[in-house]
Amino acid sequence: MSASLRGARRRRPIPVGHYLRIGGGVLACGLFLFPVCWMVLTSFKLPVEIFTTPPTFIFKPTLVNYISNIAHSDVPYRMMNTVIVATGAGALSLVAGSMAGYALARIRLRGAATMGALILLSRGVPPIALAVPMFLVSRKLGLLDNHITLILAYCSFLIPYVMWLMRGFFMSLPVELEEAAKLDGCSRFGAFWRIIVPISLPGLLSTLIFSVILAWEELLFALVLTNRFATTIPVAVAGIAGDTVNGANWGVLTAVGTLTVIPVVIFALLVQKWLIKGLADGATKG
Amino acid sequence: MSPAILLLLVILAYPIFYTVQISFAEMDLSTFTATQWVGWDNYLTVIEDDRFWKSIRVTGVYLVFALPLQLLLGFGIAFLVNAEWRGRGIVRALFLIPMVVAPVVAGGVWRMMLDPLWGLANYVLGMFGVGAIDWLGDATYAMATIVIIDTWRWTPFVTLIATAALLALPREVFEAAKIDGANWWTTFRYITLPLLVPVIAATFIVRWLGAVKMFDIALASTGGGPGRATNVINLFIYEEAFRSLKFAESAAMAVIILVATMVLTSLFLRGTRRLENRF
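So the sequences go chain by chain: A and B.
Residues in the first sequence are numbered consecutively from 63, following this note's numbering.
Residues in the second sequence are numbered consecutively from 5, following this note's numbering.
Okay, chain A solo, but in the shape it has when bound:
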């Protein structure tokens, strides 16, 4: 950019409204971030410092909540369960869901539009309508409290979600790509695997991340289908928050919350461009 152009931009008067808008946006962002910051701060406080009037912002941070209350509890074990279940469910539903989404986007079938509406409707199925039979069936089959059961249960809402997102994504790709591949001797699956999957990697990745997050934070199925061996972090958090006997242990709750949120936040911020794009496309396309 030449110097004269830059000078011209600087001279253009910027209305006060513009600064008000920037200020408002930053303020809103700050308000929405505050509870997360407060959670992280609280997790480094001693129990006596958590509820003070006025609230303490400056204090000597302690790791007591992390070391004595978490490291020696079943939280690390539950964290591992959560990782296993979330990544398992995310990966399984990504593979199954993206292939189905591709079929729905490409294959000219009568009723493809009806299928699309059905997927959307299936996202409205209340999980409790699935939780009751899943509990009864897996109890009968001896599959309660098992990672696989929870992974399959999560697929019930993740696969429609992935199908919906990826169908929209695949529909935005030109058909000529596969036609060219077919001319060069690719099978339909070959065209999907060699051409479509590589150029869809950003979409696939953001969908995978959203799916993992959805499975990561799921509570209802985890409450119903697990009790000791395969319980996840959300169940632990619900237990701490709902402890009516001793009262909620806020130090532990915020520490567990921080531990579960920080990795996801770092991960989400690293790939934020794809995530925001995937989010916007997923809601509006299709």
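No lab work stands behind these hints, which were simulated from the structure alone.
Take these hints with a grain of salt, some might be off.
Listed below are several chain A residues computed to face chain B (Cβ distance under 8 Å; list not exhaustive) [to be verified]:
{"hint": "1", "residue": "L125"}
{"hint": "2", "residue": "V126"}
{"hint": "3", "residue": "I129"}
{"hint": "4", "residue": "A158"}
{"hint": "5", "residue": "S218"}
{"hint": "6", "residue": "L282"}
{"hint": "7", "residue": "R290"}
{"hint": "8", "residue": "G304"}
{"hint": "9", "residue": "I328"}
{"hint": "10", "residue": "L337"}
Partial selection, computed: residues in chain A whose CB lies under 7 Å from chain B [claimed, not checked]:
{"hint": "11", "residue": "L263"}
{"hint": "12", "residue": "L281"}
{"hint": "13", "residue": "V323"}
{"hint": "14", "residue": "L331"}
We put the beta carbon where it would ideally sit given N, CA and C, even for glycine.
Let chain A serve as the given structure and place chain B on it in line with the hints.
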């Protein structure tokens, strides 16, 4: 395609079928199996249960307040965030953070902040001369609590969709309107709004599908209380099924909710399509 269809048949279609089956049967609690066909008995029991209708009403109130609030705030904040400056990308990215806080964690942390005696919220309100509010113990405020928490968690989602939609608006149209002398309101009413209707409608559908499943936040923050003031329908069915072990009645309620959700979703889909055609 086939693996997904097969999986969905096993984990989605079959459970729904099984729920319908249980809802017409009597459950034997010693073996956890459906024993006897009882026709519509479970449905009659549910329909005569005041607690069921109370839960439906509570869910309705929550939806009526939370959804419009989130859409309005989301699009409003998106307008602010989209102001052009160097930090815009960072501000947008930071809005991802509340979205990745698990609802149950959000419920817990907000419960801590809304503690009537020691919570931060009442302290801040106190600085503005507002007396202590019993956020969790008063029926009306408890409802406000779950609406606030849900709005906190989901407005960023709307904001991110809206920022993308606002950025995609065609600039030339607005410049043309300006040249033609359109004022702020006419531009908004006749250009911005019609162009945004499809996005608003789609966002509404997605949020509606998420919001009818409201469970975690209520469980972790108010636990459905005080009394039954925030006992949303999913929480109520969960408790009836897994605390009171009334599986048959719960299945009947689940079927009613399932059908109602499907009908309402179809109506909304049709409505949004009509709305898009009108603009």
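Cross-check of the supplied hints:
With a cut of 8 Å, the hint placing L125(A) at the interface with chain B is violated, because the nearest CB-to-CB distance is about 19 Å. This hint is violated: V126(A) has a C-beta 17 Å from the nearest C-beta of chain B, more than the 8 Å allowed. Violation of the interface hint for I129(A) is found here, the shortest Cβ-Cβ separation to chain B being roughly 20 Å, above the 8 Å cut-off. For A158(A), the interface hint holds, since its Cβ comes within 8 Å of a Cβ in chain B; the closest pair sits about 4 Å apart.
With a least beta-carbon distance of about 4 Å to chain B, the hint placing S218(A) at the interface is held under the 8 Å criterion. A cut of 8 Å between beta carbons decides the hint on L282(A): the least distance to chain B is about 5 Å, and the hint holds. Of the supplied interface hints, the one on R290(A) is violated, with its beta-carbon coming no nearer than about 16 Å to a beta-carbon of chain B, more than 8 Å. Below 8 Å, beta-carbon pairs count as interface contacts, and G304(A) has one with chain B at about 6 Å; its hint therefore holds.
The restraint placing I328(A) at the interface with chain B is violated, with a minimum CB-CB distance near 10 Å, outside the 8 Å limit. Annotation: L337(A) was flagged as interfacial toward chain B, and the flag holds, the nearest CB pair being 6 Å apart, inside 8 Å. Hint status for L263(A): violated, given a least beta-carbon distance of 20 Å to chain B, over 7 Å. Proximity of L281(A) to chain B holds as hinted, the smallest CB-CB distance being about 4 Å (cut-off 7 Å).
Restraint check, V323(A) versus chain B: the minimum CB separation of about 5 Å is within 7 Å; hint holds. Annotation: interface hint on L331(A) holds; nearest CB of chain B at approximately 6 Å, less than 7 Å.
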